[in-house]
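Line by line, the protein sequences are chains A and B. Heads up: the first sequence begins at 54 in our numbering, then just goes up one per residue. Heads up: the second sequence begins at 7 in our numbering, then just goes up one per residue.
Source of the hints: derived by calculation from the structure; they are not laboratory data. Just so you know, these numbers come straight off a predicted model, no measurement behind them. All the given hints hold, so there is nothing to weed out.
Derived Cβ-Cβ restraints for the label pairs, each shown as a range: (1) B:Ala348 to A:Gly85: 28 to 36 Å; (2) B:Pro220 to A:Gln61: 45 to 53 Å; (3) A:Lys144 to B:Glu102: 47 to 55 Å; (4) A:Glu102 to B:Glu184: 39 to 47 Å.
Don't be surprised by glycine CBs; every beta carbon is placed ideally from N, CA and C.
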Amino acid sequence: MSIFINKQTRVLVQGITGKQGSFHTAQMLEYGTNIIAGVSPGKGGQNVEGVPVYDTVFAAIEEETVDASILFIPAPFARDAAFEALDAGVKLIVLIPEHIPLQDAMDIMAYAQKQNAVIVGPNTFGLVSSGSSKIGIMPNRYFVPGPVGIVSRSGTLCYEIVGHLTGNDIGTTTVVGLGGDRVVGLNFIDVLRRFEEDPETKTVILVGEIGGSSEEEAATFISSSMKKPVIAYLAGRSAPPGKRMGHAGAIIERGRGTFESKVKALNAAGVEVAGLPNEVPAMIKKILS
Amino acid sequence: MKLYEYLGKKLFHRYDIPVPHSKIVESPEEAAEAAAELGDVVIKSQVLSGKRGKAGGIAFASNPGEARKEAERILNMRLNDLTVEKLLVEEKLQIEQELYLALTVDGALRCPVVLASLDGGMDVEEVAEGRMIKWPIDVSIGLQDYMTREICRRMGVSGALQKEFIKLLPKLYKMFRELDAELAEINPLALTPDGLVAADAKVTIDDDALYRHPQLPRVKEKTDLELKAEELDIAYVELDGNIAVMANGAGITMATLDMVQHYGGAAANFLDFGGGASVERTAQALELLLGTNPKVLLINIFGGITRCDIVAEGFVKVRESKGIDLPVSFRLVGTKEAEGRAILEKVGIKTFNSMDEAVRHAVDLTEAS
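Start from the sequences, fold in the hints, and give me the full structure.
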């Protein structure tokens, strides 16, 4: 089992004919993702890697059932594309682009809530249920099946952790990237709740960073509602206040969102925080044994 | 992009939010002229830093002579390590009460939130929890008058002042949405005999949305190198150490800096050149770093979309054209790893498998040199 997506999940690719869209369509197909259609206005009737292309999302759903959509759309047009998928009834949308304006992101979240849909991202690497389906841009070979669930705010750092696990023959159930922006759809708690319910996930790794309060909120949830062991790694211990470290959320402002406050909250919830990424496998082995 | 107070107030004025009469000046003489016109004035340094008052960057003057003297003093001071180039000379308000009002984004709730308090004029962090009213707004219906009435009820505001809020808050919300603000804060919001007036303005515009606001002024708060990086769309922040760091991805770059510190080193910068970089972009990022005269160069690449061979090519290109004569610690794994390593080996650069080894090596190199 896995959370959010599996081998049957029928995936639409919006922006499939672009450079990123076509490249990652090939990568996802290679991983085993069930991609059933793509959308690219004005390119209807073509195909990309054997996947039929439609002009609009509505045209695609006239032909196919769509469970999820992934967007490779330039940031200025992402809101329109996300609205289109939501209006057409798609219930899981993965927003890959970075630099989507904040007000647009809030508009997308408000409409998604009305449509009862789940948004992953923006500025995310997506999500992968290891060995069955990948809706995202992460490198295929590191994501092998196993008992560990991972939820992360950042991409490459998450690969780093997964790389350490894979190197120690530890696989993953589902790996979810929340995205590095200030407003994102899925949050730690949404994902932790699903991992807690998933019988195959035995333990969870939370990969967080400085800024905001989502790690602290996750800690409260873990202590009140989770029985499964959780460990964490947090980036930004050395970051000076007031400097935005690449991610829109990763900034210590007005004394909030510090590394120390997050470690304290997580420790109080029984979550051990790794000092370095390479300490994670040993911690997981200890839990699994 | 943070805006200076006077720019924020210009935007307020454009949205019909009352602001004091004022002049923006750059010399003591101009300040004196402004005071002659405005009467009792307050002279405010225009810098992108809070706590200007405590640092001596705000002064009152009741005649042109005083205004000249205070303006000269402030223009010559370093304010929280910033130079003061402009002063806002403003009519002194008759303030009956100082309130607080802001619109910002609540990341956890994924929507705008109104923050309102009767306790204005102080640092927002110092306002007691129960005295700060928070009201999230569903952007699909926007700010409605009932919300303002409810916010007022919770603040204990009624009558004429409530009417003032019902006039003011929708204007602030409209500006916040239309101008893609991340923050629009009025602190203090002054209650005067003429009604509510924005005595200060703290407005931050979303960098990602600047492309659709060509009419807004561009405020620079960055160093030259940071600006250069911005042009190249590279996330770059200057730090105090001597190990120049380059990595792909914000999270892993931060983790690299943490590890440098863990092993006793000090990073010179944060540089995330993103995913899927080309040879050209890799070279640009490297050149940027070399411009900072670091002692050691630490490169940490975990290739997903980023291809190791391309990064290696970019490195060799810069090495050949500009010469890289400082010690380098290079970690290279992921997509096209073997190809990338081969390229580097040809020029005698050894690579590491793990981030840990590469960081330790970089720290050792600084100690050796």
